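**Q** First to last, the sequence lines map onto chains F and R. Numbered per this note's numbering, the first sequence spans residues -10 to 247. Numbered per this note's numbering, the second sequence spans residues 379 to 713.
Any given hint might turn out to be false.
A few chain R residues that face chain F, going by a derived Cβ cut-off under 8 Å, partial list only [claimed, not checked]: (1) Leu512; (2) His610; (3) Phe619.
Since the hints were derived computationally from the structure, they do not count as laboratory data. What you are looking at is a predicted structure, and each value in this text was computed from that prediction instead of being measured. Where is the CB? At the ideal position from N, CA and C, for every residue including glycine.
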Amino acid sequence: MIAVRELEVRFGSRSVARIDELDVAAGEVVGVAGESGSGKSITALAILGLAPFVGATVTGSVRLDGRELVGLPERELRAIRGRRIGMIMQSPRASLNPTIRLGQLMARTMRLHDVPKAEVAGRIDAAFRSVLLDSDLLDRYPHEVSGGQAQRFAIALVLALGSEVVIADEPTSALDVTVQAEVVDLLRRVREERGAAQVFISHDLAVIGQLADRIVVMRAGVVVESGPTATVLGAPAAAYTRELVAAIPRIGAGGRGG
Amino acid sequence: MIRLLARRLAQALVVVAGVVVVTFAVARVIPGDPAVTYAGPRAQKAELEAVRQKLGLDRAWPAQLATYAGGIVTGDWGTSLHTRRPVLDDLATAVPASLELVAVALLGAAALGIPLGVLAARRKGRLVDITIRLLTTLSVSMPVFWLGLILQHQLSWFPVSGEYAADLDYTSPLTVYTHMTIVDAAIGGNGPVLTSALAHVVLPAMAIAAYPLGAIAQMTRASLLEVIGEDHVRMARALGFSERTIYARLAMRPALNPVIALIALVFAYSLANTFLVESIYDWPGLGSYAAAAIGSLDTPAILGVTLLIAIVYVLLNLVVDVVQTLIDPRLRGSA
């Protein structure tokens, strides 16, 4: 679904992220792990073609179903963003426009992507049911819902738009542990029911381990290790990965992971 | 919403009551004897006594304050020593003229300043942005009396004094409804006066609009750039919204609040600062009235103007609160 080759993101002459090879197939979840500043989030922006908005330049190749996205005109990228590639962000409430009701935002986004008017209400309803959100929330403003509700809404948005690729950038980091588990559960269902390809970015290997089929570990902008989840977590090759694995809180250790 | 309104209204009343007391106190310390002003410089002692009695100046100050405050509530703001007419009547003809002038100026300033701010924000760091910032800095720092004079002398294809051509009073007499000439002429269907009034308002309005225009453009730019850096804008981009939609709509609404607060503040500020412009362009508004009152030590008139401007500030703040709450739903919970 998504094929990344020799992708490099630079601020001026400084390289902040480099990924030589990353493939995500439909129905597959690839976790990207690493501490803050390791280049995970800018990679997510680069895949969506959003890196230039934060002043970064991108070289290399990102293909969606074989179609090259790097260098694609903004107008064509906009038609892909939201519709074919959905994004879930770290701060669920802050990532929603404070002056737009949740239902309006959903309807407007669908209209933007030419969803037929007759389908909009039905899609919203189905998406809300999938993420177990009460339809009362459609009339609420972002500040009137909890962080967990806002993040479920973000997932509902991805579902309603029918995105084939979902990029989740630290989707659980701002939430407390019980809500984290719900969100991970929902993302797992997105994968199972919709067969969407997912890039799951987190500093938290424990959360990634619950969801990802494969893991890419990044540090200081470069990939230090990648492989199947069981291998990376069970027998980490790189010293850095071993550190991260050692930092995973065990049951009873009282770690919050956030 | 209603609770918020009631609470703000109560707060406003307290502020106005405070202003009444303060203006009263200020009047006591202004040098000059109001009785002399009223009776004239050649008045005899006995005449002065009579005037003092008539104006209530012979009574103890708490009694005077009570009379003053009571009068304000019941619509008796005293009699101007200068025009010998009730202050409230004077204000009723002067204020609309100023309101009209300031309203035209601010409408123009907002209509031009907000788009300029948006344009500068979108082209941040580019030539367009640099040019707009330079021009708005100039327009903010231009002394209003200097600009007023320059416009009067350089832009001579617009009339340079008065509200409309005086000779029209004979050919197309104006029916007064609101004391705002443009509005009255429009209501009465008086075409010649309307045309003349619109031409007359151009120069003074431009002189007054210079500061608000620059300030509004700069505030719009700064506020928009701040909102553009927020997470929800990144999300809007990730959802496929265009930069045009983001700048003009999605980021605009949250960015507009400080701009509205500024417009209200500048409105009150401009209303109180039309003195120079009104005297340059011989505009029969509050500024001209206040200038005349100060010049002749007309205490009741000065107090009237002060109190009125205080009330305008308080009311505008009230309006700003309400409008901001309507625009930004986040404010609704916190009253």
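**Q** Would you mind marking each hint as holding or not holding in the structure?
**A** Hint check results:
no. : hint   : verdict
1   : Leu512 : violated, 24 Å
2   : His610 : holds, 5 Å
3   : Phe619 : holds, 6 Å
The structure is inconsistent with hint 1 alone, although it conforms to all the rest.
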